[in-house]
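Peer 1: Generate coordinates for the entire structure from the input sequences, incorporating the hints supplied.
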Amino acid sequence: MPKIALIFFIAFELCYYLLIAQTGIVEYFASNIYYIAPLPIGGIIGSILCYKISLSNDKKIKIFLMMQLILTFFYPNYSPITLFILGISVGALAPLLINELKKASTVDLGLALAISYSVGTLLFNYDPAKREFIAIIFTVIVLICSYFLQKIKTNKEIKNFTPYPIFVMVLWIFLDSALFETLSRDLSVSIWRDGFTFEIIVFHIIGVIAALKLNIQRMENELFIMILFALSYLFYFLQEPLALSVIYPFVISYYNVNILRSLVKKPLKKIALYMVFIGWIASGMGLFIALENLTIFVPFIFLIAFIKIINSQKNLLIKEKKCIN
Numbered sequence: 001m002p003k004i005a006l007i008f009f010i011a012f013e014l015c016y017y018l019l020i021a022q023t024g025i026v027e028y029f030a031s032n033i034y035y036i037a038p039l040p041i042g043g044i045i046g047s048i049l050c051y052k053i054s055l056s057n058d059k060k061i062k063i064f065l066m067m068q069l070i071l072t073f074f075y076p077n078y079s080p081i082t083l084f085i086l087g088i089s090v091g092a093l094a095p096l097l098i099n100e101l102k103k104a105s106t107v108d109l110g111l112a113l114a115i116s117y118s119v120g121t122l123l124f125n126y127d128p129a130k131r132e133f134i135a136i137i138f139t140v141i142v143l144i145c146s147y148f149l150q151k152i153k154t155n156k157e158i159k160n161f162t163p164y165p166i167f168v169m170v171l172w173i174f175l176d177s178a179l180f181e182t183l184s185r186d187l188s189v190s191i192w193r194d195g196f197t198f199e200i201i202v203f204h205i206i207g208v209i210a211a212l213k214l215n216i217q218r219m220e221n222e223l224f225i226m227i228l229f230a231l232s233y234l235f236y237f238l239q240e241p242l243a244l245s246v247i248y249p250f251v252i253s254y255y256n257v258n259i260l261r262s263l264v265k266k267p268l269k270k271i272a273l274y275m276v277f278i279g280w281i282a283s284g285m286g287l288f289i290a291l292e293n294l295t296i297f298v299p300f301i302f303l304i305a306f307i308k309i310i311n312s313q314k315n316l317l318i319k320e321k322k323c324i325n
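Numbering-wise (the numbering used here), the sequence shown opens with residue 1 and increments by one.
The set of hints was computed from the structure by calculation and includes no laboratory data.
You can take every hint at face value.
Label pairs and their computed distance ranges (CB to CB):
(1) PHE198 - SER54: 45 to 53 Å
(2) PHE237 - ILE4: 41 to 49 Å
(3) PHE148 - LEU294: 40 to 48 Å
(4) LEU268 - ALA210: 24 to 32 Å
(5) ALA129 - SER56: 36 to 44 Å
(6) ASN77 - ASN125: 16 to 24 Å
(7) ARG193 - ILE227: 21 to 29 Å
(8) ILE152 - GLU292: 39 to 47 Å
Mimicking DMTMM-like on lysine to aspartate or glutamate, the simulated pairs with C-alpha atoms at most 20 Å apart in a straight line are:
(9) LYS102 - ASP58
(10) LYS3 - ASP108
(11) LYS151 - ASP108
(12) LYS269 - ASP58
(13) LYS130 - GLU27
(14) LYS308 - GLU220
(15) LYS270 - ASP58
(16) LYS213 - ASP108
(17) LYS153 - ASP108
(18) LYS151 - ASP58
(19) LYS153 - ASP58
(20) LYS265 - ASP58
(21) LYS3 - ASP58
(22) LYS266 - ASP58
(23) LYS265 - ASP108
(24) LYS308 - ASP176
Where is the CB? At the ideal position from N, CA and C, for every residue including glycine.
Peer 2: In structure tokens, the structure reads:
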């Protein structure tokens with residue numbers, strides 16, 4: 001039972017973030033960046049509060065989930081103040097959730113993400129103005145599951161996970177957010193609204209499995225993810241929804257597993273600080289790019305990133321040769 005609770009805790013809080021905080025509120029307020037600004041501001045403060053408050057992680061999780069549940073009853077008619085408070089609860093829960101992943105096995109993580117991506121994709125087209133019951137049900141499930149988490153011990157597998165630099169993780173989140181927010185607003189090639197639900201779910205799950213099973217060196221993995229993002233943007237610019245519904249869900253799942261496994265090795269304070277940049281600043285930059293119709297300029301970022309990765313690989317090879325000699 002505790003393991004099932006952990007899987008559901010992870011899956012449905014991620015679903016809440018996707019369907020309510022990321023897409024529901026933004027779409028309901030017609031992407032008015034000035035009105036929704038209190039949400040990410042609250043999110044940044046919440047991320048800092050989650051390690052500043054002198055309580056056990058178990059108590060902090062329950063307190064912030066109760067805040068989330070209370071505010072969910074107001075959905076979607078939020079004022080700037082209630083949006084700010086919701087941002088605090090969501091922002092605090094994100095690092096706490098990642099910290100709980102230290103208790104998850106590879107199978108647990110895979111199942112949680114598979115459920116999250118599947119449910120999120122199936123409900124993505126549901127009217128954002130009518131998602132209040134979804135938000136309440138998801139939060140209640142997560143809150144109930146939180147009472148079983150103390151019984152689970154830390155998993156020793158995390159010692160073997162590959163850490164990634166914060167620059168790389170911010171880049172991935174930015175590229176994902178810019179494309180996701182652009183696709184969400186582009187009616188000509190919206191893969192979620194064009195009947196590709198089955199393909200999206202299948203390749204989300206394949207991406208999770210690939211990330212958990214493939215054993216690729218860090219530099220090669222970074223290059224692989226950048227190639228997948230490049231293909232995703234290429235298929236978007238070429239208006240190829242079928243190819244996009246295969247590649248893009250795969251890379252979302254694949255890089256997210258790598259980020260989670262990298263963050264889970266860190267203490268809560270570092271996770272929280274990383275989430276300020278990864279969860280709020282990088283995703284906010286991506287939203288800005290989409291709202292200002294600047295997606296066409298993203299390929300220049302690819303060029304810079306490719307050069308940096310290739311140079312890093314060359315420097316690594318030079319160091320290895322020197323060590324051999």
